[in-house]
Amino acid sequence: MNIIVLVKQVPDTESLLEVDTANATVNTQNVKWIINPYDEYAIEEALQIKEAKGAGSVTVVAVGPDRSEQALRTALAMGADTAVLVNDAAAEGSDALGIAKVLAGVIKEMPYDLVIAGVRAVDDDGYQVPAAVAEYLELPLVTAVIKQELGEGKITCHQLVEGGSLVVEAPLPMLFTAQKGLNEPRYASLPNIMKAKKKPLEKKRLADIGLDAALVGTGSAKVAISALALPPERKGGKMVTGDTPEALAAELVRLLKEEAEVL
Amino acid sequence: MAQVIADRRDVEFVLHEQLNVGDLSQHEKYAEFNKKTIDMVIKEARNLAIKEILPTLKEGDEQGVKFENGQVTTPESFKRAYELLCEGEWTALPEDPEWGGGGMPRSVALAAGDYFNGANYGFMMYAGLTHGAALLVEHFGTEAQKQTYLRKMYTGVWGGTMLLTEPEAGSDVGALTTTAVKNDDGTYSITGSKIFISSGEHDLCENIIHPVLARIEGAPAGTKGISLFLVPKFRVNPDGSLGEFNDVVCTGVEEKMGLHSNATCSLTLGGKGKCIGTLLGEENKGMRAMFLMMNEARLLVGLQGFGCASSSYMNAINYARERVQGRHLLKMMDHSAPSVPIIQHPDVRRMLITMKAYVEGMRSLLYYTGYLSDLITTSDSDEEKAKYQGMIDLLIPICKGYVTDRCWDVCSLGVQVYGGYGYIKEYPQEQLLRDSRILMIYEGTNGIQAMDLLGRKLGFNKGKPIMDLMGEIQKTLVQAKEFESLQPMAASVEAALNKLGEVAMHLGGKAMSPEVLTAFAYAHPFLEVSGDVVLSWLLLWRATVAARKLEKGAKKKDQAFYEGQIKSAEYFTQSVLPVSQGKMRSILAANAAAIEISEDAFGGK
Chain A
-19 MNIIVLVKQV PDTESLLEVD TANATVNTQN VKWIINPYDE YAIEEALQIK
31 EAKGAGSVTV VAVGPDRSEQ ALRTALAMGA DTAVLVNDAA AEGSDALGIA
81 KVLAGVIKEM PYDLVIAGVR AVDDDGYQVP AAVAEYLELP LVTAVIKQEL
131 GEGKITCHQL VEGGSLVVEA PLPMLFTAQK GLNEPRYASL PNIMKAKKKP
181 LEKKRLADIG LDAALVGTGS AKVAISALAL PPERKGGKMV TGDTPEALAA
231 ELVRLLKEEA EVL
Chain B
485 MAQVIADRRD VEFVLHEQLN VGDLSQHEKY AEFNKKTIDM VIKEARNLAI
535 KEILPTLKEG DEQGVKFENG QVTTPESFKR AYELLCEGEW TALPEDPEWG
585 GGGMPRSVAL AAGDYFNGAN YGFMMYAGLT HGAALLVEHF GTEAQKQTYL
635 RKMYTGVWGG TMLLTEPEAG SDVGALTTTA VKNDDGTYSI TGSKIFISSG
685 EHDLCENIIH PVLARIEGAP AGTKGISLFL VPKFRVNPDG SLGEFNDVVC
735 TGVEEKMGLH SNATCSLTLG GKGKCIGTLL GEENKGMRAM FLMMNEARLL
785 VGLQGFGCAS SSYMNAINYA RERVQGRHLL KMMDHSAPSV PIIQHPDVRR
835 MLITMKAYVE GMRSLLYYTG YLSDLITTSD SDEEKAKYQG MIDLLIPICK
885 GYVTDRCWDV CSLGVQVYGG YGYIKEYPQE QLLRDSRILM IYEGTNGIQA
935 MDLLGRKLGF NKGKPIMDLM GEIQKTLVQA KEFESLQPMA ASVEAALNKL
985 GEVAMHLGGK AMSPEVLTAF AYAHPFLEVS GDVVLSWLLL WRATVAARKL
1035 EKGAKKKDQA FYEGQIKSAE YFTQSVLPVS QGKMRSILAA NAAAIEISED
1085 AFGGK
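Residue numbers (this note's numbering), protein chains in the order written: chain A, -19 to 243; chain B, 485 to 1089.
Only chain A is shown next, with the shape it has when bound in the complex:
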């Protein structure tokens, strides 16, 4: 079974984020980068499926600049077999649909039975890329999967929905997105780290996958970020004063109405 995992490199949640207000973007100069944590669930699930089958391969695919190679190497160190990075300046500034076009363009050239992605990326929380990839590849899509059972030519997924889980079945090939709870991602072992750098990591440009540069990048993006700001700094709390519970309650209601303006 050949499995493809979509990987995105995102800022480490430990990083101190600064907003570049002029360009409505995040200033990435001081940022350390990691694999999107939800993609780690996807990678782990792919590895577990491969290990259970005792055959097949796991390929990790990313779109991004040079630094994205680190994320792919980490995925290889976890145990993935091969990696593909589409690194093309023309793809920079793509919105979710643009990225999905690139990913779909790479994947359709490769043999696969299953595509797995993280349910969302922790940087811009869009939830859109995997769904769009499925659409472009005309694959069934199941999102937010917390458990799956592979059958003959089909897969049964337990999908997390509000208040419970939904069990759905889809034929292969298909794409599902990994939600927290699906598994516990492994750590890269020292021997696998050493092996990772010898595993194939193929770099491609848009031309290599026959994708017209005009269809992706800033120019074709349907979504534009107009402004970006950090949440306002939390101010100190306010102690409500009063002699009786009644007076305290009255003062609280007044403050909620007049100052917080939430009532």
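Heads up, some of the hints might be wrong.
As the list claims (entries may be wrong) - The list that follows gives simulated cross-link-like pairs (lysine-lysine, BS3-like), each with its CA atoms no further than 30 Å apart:
(1) B:LYS519 with A:LYS175
(2) B:LYS630 with B:LYS708
(3) B:LYS1033 with A:LYS12
(4) B:LYS535 with A:LYS177
(5) B:LYS994 with B:LYS983
(6) A:LYS179 with B:LYS513
(7) B:LYS769 with A:LYS177
(8) B:LYS563 with A:LYS30
(9) A:LYS127 with B:LYS535
(10) A:LYS30 with A:LYS88
(11) B:LYS769 with B:LYS758
(12) B:LYS994 with A:LYS175
(13) A:LYS12 with B:LYS1067
(14) B:LYS769 with A:LYS127
(15) A:LYS12 with B:LYS1040
(16) A:LYS12 with B:LYS758
(17) B:LYS1051 with A:LYS12
(18) A:LYS178 with B:LYS520
(19) A:LYS160 with A:LYS175
(20) A:LYS12 with A:LYS177
(21) A:LYS175 with B:LYS513
(22) A:LYS177 with A:LYS160
(23) A:LYS215 with B:LYS909
(24) B:LYS815 with A:LYS215
(25) B:LYS1039 with A:LYS177
(26) B:LYS513 with A:LYS177
(27) B:LYS708 with A:LYS177
(28) B:LYS563 with A:LYS160
(29) B:LYS542 with A:LYS160
(30) B:LYS563 with A:LYS33
(31) B:LYS535 with A:LYS175
(32) B:LYS708 with A:LYS178
Just so you know, these hints were derived from the structure itself, not from any lab. Keep in mind it's a predicted model, so treat the numbers as computed, not measured.
We have chain A already, so just place chain B on it with the hints.
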């Protein structure tokens, strides 16, 4: 979010900008370890340390180890962490891959160990002692012993210890009474009692292999009659499976001031006459074998202390940035002035820069000492190899004695920065201080380290190692003086170095005179000033690298870091070295009060 355990920029700086360890990959032995791979190894070590080992620190302290019916139970959270450590093969980083090691340069292994030990050295000690014991097997074992034990130990499947101390034989190892009687099949029956055995009994491994110092019947008295034996907790069948219990009985664990998560055991060997060991190395050469391993063990102890100090500093700097209390000193009289983060108070800054300078200097010292081993490995010249080995031998008492003394100071400042909260268990500072106290005692007390430096290392090979070290320091001085801004710092280091040379000659001479006792009463102060000078050198070296980068136009994100390097060197050379100069004057004066005072005059009777 703030960093924990160690500042990763600083770890990268020492590896790649001070020591350039990536260059070791030009040698075939380390060809696999280019900069990218090293970074990946460190990143994943850090990841595991922060996510899985650090969370065991507090629980390990609170739960401690439980002793019942001869069995020791480690803290609950240790099992999973230990499994992950072994699964990832992080247990024998620099050793031969043929036997399950990671094959990496020692300097890189130390950087990974920086994170692991800083996360919880009490936990790491279970694996760390195994590593040390396995090294003995690798160096002195027969092919059969290696086949039986080595891989299982390097991969953490079996544990390892070091059985040296007895109730009447601690610092005086030669007094030990554990005996070995040769059996017809060539094995030995071992009988005796050992105490203070770290990781001596626990539930993380299916078997524990004890290297044991014992005296063969009829052997000479003292250290010349001591042999080394391998004694497993469970005997090992020829096929490698576990056989019967080998009569190594844990009779208790110590209640300690800190390091609660590591079992400090009393062991009775052969209480029922059924403890069998095999000779490791040659008869009566046990102490020599121990000495060969001592550098490794003492460097590890330095790293354990350093882990506590680095963690304590990271916590303190984060706390000082966030904790708001008191008005700014310049606005003391203005009651409407807001309270400020305590990092703005001069005395807090004094503590923080002290911690920073020592932590950075010690990180460089430990990695550098590991790096000297790497240079031995990659050098083709016997002369060079001997030079590096001499420098390692010289630096080891500083890496152990000086470093753990200073780590205690740093951890104490780490408590102080927190104020009252530093003393209570809600924060990790008090644990780090408690845990770091034993390091000044075990693996040769710091008094013994000082005697080792003065009595053994200083005059070794006619003083060549210390001359070699001074030569290295001179090189840095020349480079530092190229920068006008560093010249006052270089002058301080140079003056201190010259004074240290004078002190070394003087004290070395005294140690071979009738005033030998007075000389040794100054062994520890001599260790302190030697450490100060070495640290000032390493900090000046760092500052020189930083000045060069700033001159070339460092990236914005690196500027503050490099400026911080120069400030550490400035602080140390201008505020610490003058005190060292005073200490050196007192050593030169060598007042004999400590020796001349009569025992009665100590009072208290």
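Each hint, compared with the structure:
With a C-alpha separation of about 15 Å, the suggested pair LYS519 of chain B and LYS175 of chain A falls inside the 30 Å cut-off, and the hint holds. At most 30 Å may separate the alpha-carbon atoms for a hinted pair to count; LYS630 of chain B and LYS708 of chain B meet this at roughly 26 Å. At most 30 Å may separate the alpha-carbon atoms for a hinted pair to count; LYS1033 of chain B and LYS12 of chain A meet this at roughly 21 Å. A threshold of 30 Å between alpha carbons decides the hint, and for LYS535 of chain B with LYS177 of chain A the separation of about 24 Å falls inside it, so the pair holds.
Between LYS994 of chain B and LYS983 of chain B the CA atoms are separated by roughly 16 Å; this keeps the pair inside 30 Å, and the hint holds. Restraint check: the Cα-Cα separation between LYS179 of chain A and LYS513 of chain B comes to about 21 Å, which is no more than 30 Å; the hinted pair holds. This hinted pair does not check out: LYS769 of chain B and LYS177 of chain A have alpha carbons roughly 45 Å apart, beyond 30 Å. A hinted pair counts as satisfied when its Cα atoms are at most 30 Å apart, and LYS563 of chain B with LYS30 of chain A qualifies at roughly 27 Å.
As the CA atoms of LYS127 of chain A and LYS535 of chain B are separated by approximately 24 Å, the hinted pair is consistent with the 30 Å bound. For a cut-off of 30 Å, the pair hint linking LYS30 of chain A to LYS88 of chain A stands: about 21 Å separates their Cα positions. Note on LYS769 of chain B and LYS758 of chain B: the hinted pairing holds, with a Cα-Cα distance of about 24 Å set against a maximum of 30 Å. A hinted pair counts as satisfied when its Cα atoms are at most 30 Å apart, and LYS994 of chain B with LYS175 of chain A does not qualify at roughly 57 Å.
Among the hinted pairs, LYS12 of chain A with LYS1067 of chain B is inconsistent with the structure: their alpha-carbon atoms are about 44 Å apart, more than 30 Å. Distance hint between LYS769 of chain B and LYS127 of chain A is unfulfilled; the C-alpha atoms sit about 60 Å from each other, more than 30 Å. Note on LYS12 of chain A and LYS1040 of chain B: the hinted pairing holds, with a Cα-Cα distance of about 15 Å set against a maximum of 30 Å. The hinted pair formed by LYS12 of chain A and LYS758 of chain B fails the criterion: a straight-line CA distance of about 57 Å is larger than 30 Å.
With a C-alpha separation of about 25 Å, the suggested pairing of LYS1051 of chain B with LYS12 of chain A holds against the 30 Å cut-off. Between LYS178 of chain A and LYS520 of chain B, the direct Cα distance comes to roughly 12 Å. Compliance with the 30 Å bound is thereby established for this hinted pair. Taking the CA atoms of LYS160 of chain A and LYS175 of chain A, the gap is about 28 Å. The hint holds against a cut of 30 Å. With a C-alpha separation of about 20 Å, the suggested pairing of LYS12 of chain A with LYS177 of chain A holds against the 30 Å cut-off.
Among the hinted pairs, LYS175 of chain A with LYS513 of chain B is consistent with the structure: their alpha-carbon atoms are about 16 Å apart, no more than 30 Å. For a cut-off of 30 Å, the pair hint linking LYS177 of chain A to LYS160 of chain A stands: about 28 Å separates their Cα positions. Pair hint LYS215 of chain A plus LYS909 of chain B holds up; C-alpha atoms about 29 Å apart against a cutoff of 30 Å. Pair hint LYS815 of chain B plus LYS215 of chain A holds up; C-alpha atoms about 22 Å apart against a cutoff of 30 Å.
The hinted pair formed by LYS1039 of chain B and LYS177 of chain A meets the criterion: a straight-line CA distance of about 28 Å does not exceed 30 Å. Distance hint between LYS513 of chain B and LYS177 of chain A is fulfilled; the C-alpha atoms sit about 17 Å from each other, no more than 30 Å. A distance of roughly 50 Å separates the Cα atoms of LYS708 of chain B and LYS177 of chain A; the hinted pair therefore is violated under the 30 Å criterion. The suggested pairing of LYS563 of chain B with LYS160 of chain A holds, with an alpha-carbon distance near 24 Å, which does not exceed 30 Å.
For the hint linking LYS542 of chain B to LYS160 of chain A, the alpha-carbon distance of about 27 Å falls within 30 Å, and the restraint holds. With a CA separation close to 29 Å, the supplied pair LYS563 of chain B and LYS33 of chain A stays within the 30 Å bound. Taking the CA atoms of LYS535 of chain B and LYS175 of chain A, the gap is about 23 Å. The hint holds against a cut of 30 Å. The suggested pairing of LYS708 of chain B with LYS178 of chain A is violated, with an alpha-carbon distance near 51 Å, which exceeds 30 Å.
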